[in-house]
Amino acid sequence: MEYVIEMLNIRKEFPGIVANDNITLQLKQGEIHALLGENGAGKSTLMNVLFGLYQPEKGEIKVNGKPVQITNPNIANELGIGMVHQHFMLVDKFTVTENIILGKETTSGGRIDIKKAEKDVREISEKYGLAVDPQAYISDISVGMQQRVEILKTLYRGAEILIFDEPTAVLTPQEIKELIQIMKTLIKEGKSIILITHKLKEIMEVCDRVTVIRKGVGIGTVNVSETNPNDLASLMVGREVTFKTEKTEAKPEQGVLEIKSLNVKDSRGLPAVNNLNLEVKAGEIVGIAGVDGNGQSELIEAITGLRKSESGSIKLNGKEIINMPPRKVTEAGTGHIPQDRHKHGLVLDYPIGANIALQTYYKRPFSKGGVLNYKEIYKKAKSLIKEYDVRTPSEYTLARALSGGNQQKAIIGREIDRNPDLLIAAQPTRGLDVGAIEFIHKRLIEQRDNGKAVLLISFELDEIINVSDKIAVIYEGEIVAIVDPKTTTEQELGLLMAGSNQKKEGVQHADV
Amino acid sequence: MQMSNRTKNIIVPIIAVLLGILVGTIIMLITGYDPVAAFGALWNGAFGDSYFTGETIRQITPYILAGLAVAFAFRTGLFNIGVEGQLIVGWLAAVWVGVAFELPKVIHLPLAVLAGAAAGALWAFIPGLLKARFRVHEVIVTIMMNYVALHVTNYIIRSVLAESSDRTELVHQSASLRSPFFESLTDYSRLHWGIFIALICVFIMWFILEKTSRGYELKAVGFNQHASEYAGMNVKSNIIMSMVISGAFAGLAGAMEGLGTFGYAATKGGFTGVGFDGIAVALLGANGPIGIILAAILFGSLKVGALNMPLEAGVPNELVDIIIALIVFFVAASYMIRMFIDRISKKGVK
Numbered sequence: 001m002e003y004v005i006e007m008l009n010i011r012k013e014f015p016g017i018v019a020n021d022n023i024t025l026q027l028k029q030g031e032i033h034a035l036l037g038e039n040g041a042g043k044s045t046l047m048n049v050l051f052g053l054y055q056p057e058k059g060e061i062k063v064n065g066k067p068v069q070i071t072n073p074n075i076a077n078e079l080g081i082g083m084v085h086q087h088f089m090l091v092d093k094f095t096v097t098e099n100i101i102l103g104k105e106t107t108s109g110g111r112i113d114i115k116k117a118e119k120d121v122r123e124i125s126e127k128y129g130l131a132v133d134p135q136a137y138i139s140d141i142s143v144g145m146q147q148r149v150e151i152l153k154t155l156y157r158g159a160e161i162l163i164f165d166e167p168t169a170v171l172t173p174q175e176i177k178e179l180i181q182i183m184k185t186l187i188k189e190g191k192s193i194i195l196i197t198h199k200l201k202e203i204m205e206v207c208d209r210v211t212v213i214r215k216g217v218g219i220g221t222v223n224v225s226e227t228n229p230n231d232l233a234s235l236m237v238g239r240e241v242t243f244k245t246e247k248t249e250a251k252p253e254q255g256v257l258e259i260k261s262l263n264v265k266d267s268r269g270l271p272a273v274n275n276l277n278l279e280v281k282a283g284e285i286v287g288i289a290g291v292d293g294n295g296q297s298e299l300i301e302a303i304t305g306l307r308k309s310e311s312g313s314i315k316l317n318g319k320e321i322i323n324m325p326p327r328k329v330t331e332a333g334t335g336h337i338p339q340d341r342h343k344h345g346l347v348l349d350y351p352i353g354a355n356i357a358l359q360t361y362y363k364r365p366f367s368k369g370g371v372l373n374y375k376e377i378y379k380k381a382k383s384l385i386k387e388y389d390v391r392t393p394s395e396y397t398l399a400r401a402l403s404g405g406n407q408q409k410a411i412i413g414r415e416i417d418r419n420p421d422l423l424i425a426a427q428p429t430r431g432l433d434v435g436a437i438e439f440i441h442k443r444l445i446e447q448r449d450n451g452k453a454v455l456l457i458s459f460e461l462d463e464i465i466n467v468s469d470k471i472a473v474i475y476e477g478e479i480v481a482i483v484d485p486k487t488t489t490e491q492e493l494g495l496l497m498a499g500s501n502q503k504k505e506g507v508q509h510a511d512v
Numbered sequence: 001m002q003m004s005n006r007t008k009n010i011i012v013p014i015i016a017v018l019l020g021i022l023v024g025t026i027i028m029l030i031t032g033y034d035p036v037a038a039f040g041a042l043w044n045g046a047f048g049d050s051y052f053t054g055e056t057i058r059q060i061t062p063y064i065l066a067g068l069a070v071a072f073a074f075r076t077g078l079f080n081i082g083v084e085g086q087l088i089v090g091w092l093a094a095v096w097v098g099v100a101f102e103l104p105k106v107i108h109l110p111l112a113v114l115a116g117a118a119a120g121a122l123w124a125f126i127p128g129l130l131k132a133r134f135r136v137h138e139v140i141v142t143i144m145m146n147y148v149a150l151h152v153t154n155y156i157i158r159s160v161l162a163e164s165s166d167r168t169e170l171v172h173q174s175a176s177l178r179s180p181f182f183e184s185l186t187d188y189s190r191l192h193w194g195i196f197i198a199l200i201c202v203f204i205m206w207f208i209l210e211k212t213s214r215g216y217e218l219k220a221v222g223f224n225q226h227a228s229e230y231a232g233m234n235v236k237s238n239i240i241m242s243m244v245i246s247g248a249f250a251g252l253a254g255a256m257e258g259l260g261t262f263g264y265a266a267t268k269g270g271f272t273g274v275g276f277d278g279i280a281v282a283l284l285g286a287n288g289p290i291g292i293i294l295a296a297i298l299f300g301s302l303k304v305g306a307l308n309m310p311l312e313a314g315v316p317n318e319l320v321d322i323i324i325a326l327i328v329f330f331v332a333a334s335y336m337i338r339m340f341i342d343r344i345s346k347k348g349v350k
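In order, the protein sequence lines correspond to chains G and H. Residue numbering for the first sequence follows the numbering used here, starting at 1 and increasing by one per position. Residue numbering for the second sequence follows the numbering used here, starting at 1 and increasing by one per position.
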């Protein structure tokens with residue numbers, strides 16, 4: 001039996017749209033098969049069909065060569081199909097073991113045999129190299145470990161075929177490496193994997209074959225060994241995509257943002273930013289490279305007024321803005337694309353149009369004497385939605401209903417449109433597909449070319465190296481080095497970010 | 001056809017009301033009363049003649065305002081359970097001004113009404129401040145403030161305003177909402193001008209929430225404090241403002257009773273219940289302006305009509321309280337009704 005799963009000519013319609021049209025996906029025993037497509041191309045829909053959450057209008061599903069009807073997730077589970085969700089489905093206040101056995105508890109006389117369960121969990125985790133502490137509480141463990149718990153959940157239920165839904169979106173580079181190792185071990189143990197992703201690098205690294213879908217239509221399946229990232233990107237987007245972001249030499253001018261000996265504490269009251277010095281000039285993009293949790297978030301929050309600074313100086317265009325309320329900082333000329341778009345960037349229960357006015361609603365022409373002019377607000381929203389290619393049924397649609405990429409484009413439109421002297425972009429492309437990433441990078445560079453200062457924070461080294469004109473490496477709340485993206489390498493940055501090698505040749509030290 | 005959310009928001013309360021009446025009927029049948037006579041008496045008691053109609057409209061007035069108070073806080077992410085207490089202090093403050101001063105009507109009446117609103121606002125300011133500054137949950141504080149309001153106002157009436165009687169003097173004519181015109185129209189019911197104030201307040205609530213930048217901020221803070229802070233809104237002052245506006249509506253409800261219905265303030269053995277019913281009015285009215293008016297009409301009619309049930313049909317008027325409770329129950333359980341509607345409309349497609 002060659003194929004463990006065959007989804008043949010699947011068609012799934014929703015009112016008004018065809019989410020999947022004639023898609024065929026065949027999974028071989030023991031392979032890692034990528035499902036590639038842009039945000040909103042229909043990947044999740046297809047997998048939800050396989051997992052029994054949706055019923056297809058047309059097409060056939062075969063498991064081990066036998067036609068099956070998967071009408072609910074329980075049937076999928078019985079057929080050995082397990083899903084590792086992008087947004088973890090875990091109970092925070094339960095232990096790892098309790099989460100894994102949830103719904104599949106072995107009981108004796110009404111009592112859960114937690115000892116046996118822990119033993120089982122330990123056995124499975126050792127077999128597949130999924131290091132977890134069965135007794136730890138979910139709220140106490142890292143995101144990477146939570147994901148391993150999700151994987152263990154499917155294995156505990158006897159899954160032979162695992163679906164990973166964009167598993168690397170929430171992970172740090174180190175955790176991604178570990179995950180890739182785990183996937184390889186799973187294959188060795190005879191499992192088969194479908195990997196939903198839009199990250200081409202990962203596909204090239206671990207996958208055997210890749211099925212591409214574009215706007216709901218199956219484009220085809222290719223062997224990874226016979227393709228390259230450029231071809232895959234064009235297959236996915238439907239046009240040529242440039243990876244090397246095209247840009248001219250930066251022409252830095254006067255300093256826009258000047259930070260001197262800044263100290264900020266984190267929410268637990270521990271020092272997060274220590275005597276940090278940084279300058280961002282007009283007409284340049286400064287990228288901050290660092291491992292998550294080295295003070296990046298606190299730094300941005302301090303600049304934007306969302307967090308109190310302990311001491312130091314933050315000057316914008318020569319004017320002191322330290323510990324000013326957020327609105328004053330905004331009006332002094334900053335734009336801020338926040339790291340967490342759901343927490344800070346949007347009011348999800350407001351229409352997308354009202355969200356586009358989030359920074360300007362109180363100003364003319366949107367507000368006059370305290371009375372809002374919704375006609376103007378939605379007119380503006382409509383033009384920005386068009387300009388920034390935000391795909392939404394209308395400007396009156398709730399922000400919650402939009403896909404992540406489109407939410408992000410709306411935020412970016414809102415922030416750039418105000419034409420701020422300093423644009424702070426924190427992980428602006430997190431979770432987006434190559435097309436959207438390309439678009440956003442172009443916009444950032446455009447701002448720079450218009451003589452604005454851009455501060456970019458990202459955990460993706462590719463992005464930092466490609467987009468920045470200058471890279472500042474942050475380690476334990478300090479800028480430990482400033483390097484030139486044209487001459488540096490990922491290895492060098494990695495070492496600097498780990499704080500291990502601060503005295504390397506060719507590295508200009510930050511002693512501003 | 002999938003029903004739109006808007007239609008569902010209208011249909012669900014109607015079904016809840018019908019279910020409440022249905023279960024009430026069953027209870028009457030079990031306990032041996034005649035439901036037809038009972039509901040007939042209820043109807044006559046609410047709309048049977050012009051006196052009853054006048055009384056019903058009078059009762060609707062504070063219900064609208066109490067409903068607005070709850071709904072306004074709710075729309076901005078807060079639970080104001082203290083409408084009852086804010087109503088009581090608003091009542092007292094309005095009467096106090098009505099008794100203590102002698103002024104021309106154009107000044108005195110608005111002053112007394114505004115005093116009621118201000119007192120309610122002040123009473124709600126305290127939980128607002130505690131929430132904004134110290135993150136104390138407003139539900140706890142507002143519940144406790146209800147008791148404080150009840151006993152403090154009783155004390156003030158007994159020892160300051162009425163000199164050891166249990167009620168104040170009548171408010172001066174210049175501060176009264178009473179209307180000889182309405183009285184003649186409705187056979188000397190206590191219907192007063194307050195209904196217009198209530199309707200104006202419905203408009204004010206809608207206008208603030210839907211048309212002003214303040215309303216935009218208040219709702220944004222209710223939905224997502226982090227994003228509001230990011231956008232430069234003052235989260236703390238918006239929380240306080242929301243409670244203050246809500247309390248002002250509640251205080252007005254009290255002023256209507258003090259200056260219109262009764263014309264005095266008396267010591268109370270317990271809560272009026274209007275503030276708590278306001279929660280049900282807001283819930284049934286889906287926190288929207290039109291919904292609140294309709295829900296207040298329903299509750300006002302039930303409350304006034306119930307008084308006629310023992311007289312005309314020999315049914316205890318507590319049964320109406322049970323029916324009201326059932327309606328509230330079915331609205332609260334509207335998820336059940338929604339699921340049911342979804343199932344039916346899905347079947348219709350196949």
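Bear in mind the hints are in silico, worked out from the structure with no lab data behind them. Think of the CB as a built atom: it goes at the ideal place given N, C-alpha and C, for glycine as much as any other residue. Take these hints with a grain of salt, some might be off.
Claimed, not checked - Label-pair restraints from in silico Cβ distances:
{"#": "1", "chain 1": "G", "residue 1": "P173", "chain 2": "H", "residue 2": "V136", "range": "40 to 46 Å"}
{"#": "2", "chain 1": "H", "residue 1": "V136", "chain 2": "G", "residue 2": "K328", "range": "26 to 32 Å"}
{"#": "3", "chain 1": "H", "residue 1": "V136", "chain 2": "G", "residue 2": "N317", "range": "39 to 45 Å"}
{"#": "4", "chain 1": "H", "residue 1": "S184", "chain 2": "G", "residue 2": "P393", "range": "52 to 58 Å"}
{"#": "5", "chain 1": "H", "residue 1": "M339", "chain 2": "G", "residue 2": "Q135", "range": "50 to 56 Å"}
{"#": "6", "chain 1": "G", "residue 1": "I124", "chain 2": "H", "residue 2": "L18", "range": "39 to 45 Å"}
{"#": "7", "chain 1": "H", "residue 1": "R343", "chain 2": "G", "residue 2": "M204", "range": "44 to 50 Å"}
{"#": "8", "chain 1": "H", "residue 1": "V36", "chain 2": "G", "residue 2": "T107", "range": "50 to 56 Å"}
With 44 to 50 Å as the target window, see if R343 (chain H) and M204 (chain G) comply at their CB atoms. holds, 48 Å
In this structure, is the beta-carbon distance linking V136 (chain H) and N317 (chain G) contained in 39 to 45 Å? holds, 41 Å
Does the Cβ distance between M339 (chain H) and Q135 (chain G) fall inside 50 to 56 Å? violated, 39 Å
Check the following: the C-beta atoms of I124 (chain G) and L18 (chain H) are separated by a distance inside 39 to 45 Å. violated, 54 Å
Is the distance from the Cβ of S184 (chain H) to the Cβ of P393 (chain G) consistent with 52 to 58 Å? holds, 56 Å
Does 26 to 32 Å hold as the CB distance between V136 (chain H) and K328 (chain G), or does it fail? Holds, since V136 (chain H) and K328 (chain G) (Cβ atoms, about 29 Å apart) stay within the stated range.
So the hint says 50 to 56 Å: do the beta-carbon atoms of V36 (chain H) and T107 (chain G) match that? About 54 Å separates the Cβ atoms of V36 (chain H) and T107 (chain G), which means 50 to 56 Å holds.
P173 (chain G) paired with V136 (chain H), Cβ distance criterion 40 to 46 Å: holds, 43 Å
The structure is inconsistent with the numbered hints 5, 6, although it conforms to all the rest.
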